[in-house]
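J.: Now for the letters of each chain:
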Amino acid sequence: MDIRELQGYASFFMTIFLVVMLYWYIVHLYRSEKRGERDYEKYGNIALDDEITSTPVEDKPASQRDYTEKNK
Amino acid sequence: MFFHWLEKNPFFFASAVSIVISFAGLIEIVPNFSQAARPIAGLKPRTVLQLAGKNVYMKDNCMSCHSQLIRPFKAETDRYGEYSLSGEYAFDRPFLWGSKRTGPDLHRVGNYRTTDWHENHMWNPKSVDERSIMPAYKHQFTNVADIETAYAEAVTVKNAFHTPYGPEFKTTRAAWEAHRPKVIEDAKKIAADMKNEGVKKMLAEGKVPEIVALIAYLNSLK
Amino acid sequence: MQSNATLEYDYSLAKKFTFLTILFGILGMLVGTLIAAQLAFPELNYLLGEYGTFSRLRPVHTNTVIFGFTVSGIFATWFYFGQRVLKVSMAESKFLMVVGNIQFWLYFIGALLATISLIFGVTASKEYAQYEWPFDIVVVLVWVLWGINIMGLIGIRREKALYISVWYYLACFLGIAMLYLFNNMAIPTYFVTEGLGNPLHAVSMYAGTNDALVQWWYGHNAVAFGFTVPIVGMIYYFLPKESGQAIYSYKLSLLSFWGLMFVYLWAGSHHLLWSTVPDWMQTMGSAFSVVLILPSWGSAINMLLTMKGEWNQLTDNPLIKFMVLASTFYMLSTIEGPIQAIKSVNAIAHFTDWIPGHVHDGVLGWVVFMIMAAIFHMAPRMFKREIYSKKLMESQFWLQTTAVVLYFTSMWIAGITQGMMWRAVDEYGNLMYSFIDTVAVLHPYYMIRALSGVMYLTGFLMFAYNIFKTMTAGKELTAEPQFRTPMA
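Protein chains in written order, with my numbering: chain W, 1 to 72; chain R, 1001 to 1222; chain S, 2001 to 2488.
The set of hints was computed from the structure by calculation and includes no laboratory data.
Among the hints, erroneous ones may be present.
[Said to hold, decoys possible] Result set (PhoX-like, lysine-lysine): computed pairs, CA atoms no more than 25 Å apart in a straight line:
(1) W:42 / S:2308
(2) S:2343 / R:1100
(3) S:2391 / W:42
(4) W:34 / S:2160
As the structure is a prediction and not an experimental result, all values here were calculated from the model.
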């Protein structure tokens, strides 16, 4: 198998892989909102409420967070 | 969950972005490198004088208005000559294809323009056609071309990239001093077809005017 | 948090970079207007002897607006909103302040010297990568310092979630770093010989077709990571903040981000259609350019929909006008680009004035408008004064909008006219026009373009004057405005 052929396979499978990832990501975004794990839209408030004294939208580091935030 | 730490952890995020953006380069560019680097049969590297001319071409940034790439269309091959081949550029560092034709393509200009034509044209483009919007490059008739740098470039590409220059091309100053008369001799051959007195005077003093080097380069574009 | 009661955001670096943005903006656009006029009136080539020809000045124009104006704008906005969305002040870290100041001075001096070097013809000749190797090293240093600042600020942040704009700025940092390093690989000839020749001269590591591929992989994506990615990041902060409306769909912004990251890099080879690079690469570049419409429009539509229900703001807040027009031009140029990347269209468009036309509806309409809007938004917060004149802002908006429209329409016509004339044949199959015929016919369009340049430059000077008066004579504010920028 020469390099051109290898390149062809690599390109093909990597593209498929990334496309699957992208669609999986869309599913992930909506599913985790539906299950109440996450509310993505609240992150939009980071820009609106950005005084240094305002309460962060998320103030715990990722490692200490339990992924069951309650949506209102 | 995989996506959660990707969104929160700057390090993983940065790695993910790097992988995604370098993918295209890896697939598109890297594997083709050895293929595209192969010169066509009989391709000779440019002489030191022509290299110095190429550097004048770069210094005055001729490629902002002139391309060196003939595309495979009848209209282009009729106008400029045979379409360009990858192997013809194998020794061009950098490539000088340009991206805009405010003036015509120059990839084969050596086939249909002469030293005399270039001399008139570079001195005053409007003398060739009064509708020309190209500026005159009179300073090239008095500026001295940097042939020593051109020599250093030839030696560098010979050592680093195996460009086929002869064994007399060495990194030492002595080798350069030995090669210098050859460059002056080449320049005098070009100047023999020119009428500008200042150019001839400079050459007699052992200095190569930029215009001579540039014309040597343009004549080599075939 | 009680301890933060007296803590404030530190805008000193944002201010410094704002001044540079305006300075380099004026310089770059002045040179741009001059070279546009040179094409219409060639006598203007002789104002500065050998240093004033079109060919010498074109890279001065492109590099000053890219690495001077746009990059300063990116730095200025980063040092403004970076703190705000991470909810941490630069003043909290002496180290980051010092690094930021070193970055500023190194950048300022480096950019000035690099510009001068281009005027003197010291150039590596690859488009938008003309700086010779010593200046490349300065660029890399500045970039590394900026990287330290981004990572440092992220490291001490209070807001643990990274806002989408931070994503875009991080991508800008990484993308430019990768592209710039690979494209500028060169060997300085002086140091590998016995000190022969000019120490500034270097020879590219790549040759011919390879060099072209690397260059346009860089050239196209310098546009991606310099003119698109950070500007999208900018509008995702400034538009919601100015209008008081959260991003229409945060999920869509995340999705378009990854889409843009993946697709953009492939499109570089559309600059090399019909050249000597392999056909499959050209086709790939062409196809991915068309796919690129999706993530680009994803972002643009998201911006426009952010204004949903609040379109009345468009009529009474000129700042919203600037940003909405910017997104509209973003949509226009991201549909125009893919059209030009179709191989048959490219056969006519390539090498003609349609290409500069396309570039300029993107940069004049999108990049410059967005950066000016960002500065208008930041100025009252940085200087604690109202914007000096709303009227001036309105007239600037209309003057510059007209200028952009004149610019791209004239260049579309010029480009397509010339492209068609190059290939026109008579009934016997002979070429109908000599090259110079196709140059002479462009004269009126070059005049219109030069005029539009003068108009746009005038608008930019009005902007600079407005900001200057805001700093010195604007009505003082007692409290920082939350959303809408106050203006007199």
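J.: Please go over all the hints and tell whether each is borne out by the structure.
T.: Outcome of the hint check:
no.	hint	in the structure
1	W:42 / S:2308	holds, 18 Å
2	S:2343 / R:1100	holds, 17 Å
3	S:2391 / W:42	violated, 36 Å
4	W:34 / S:2160	holds, 22 Å
Violation of the numbered hints given earlier is confined to hint 3; every other hint is satisfied by the structure.
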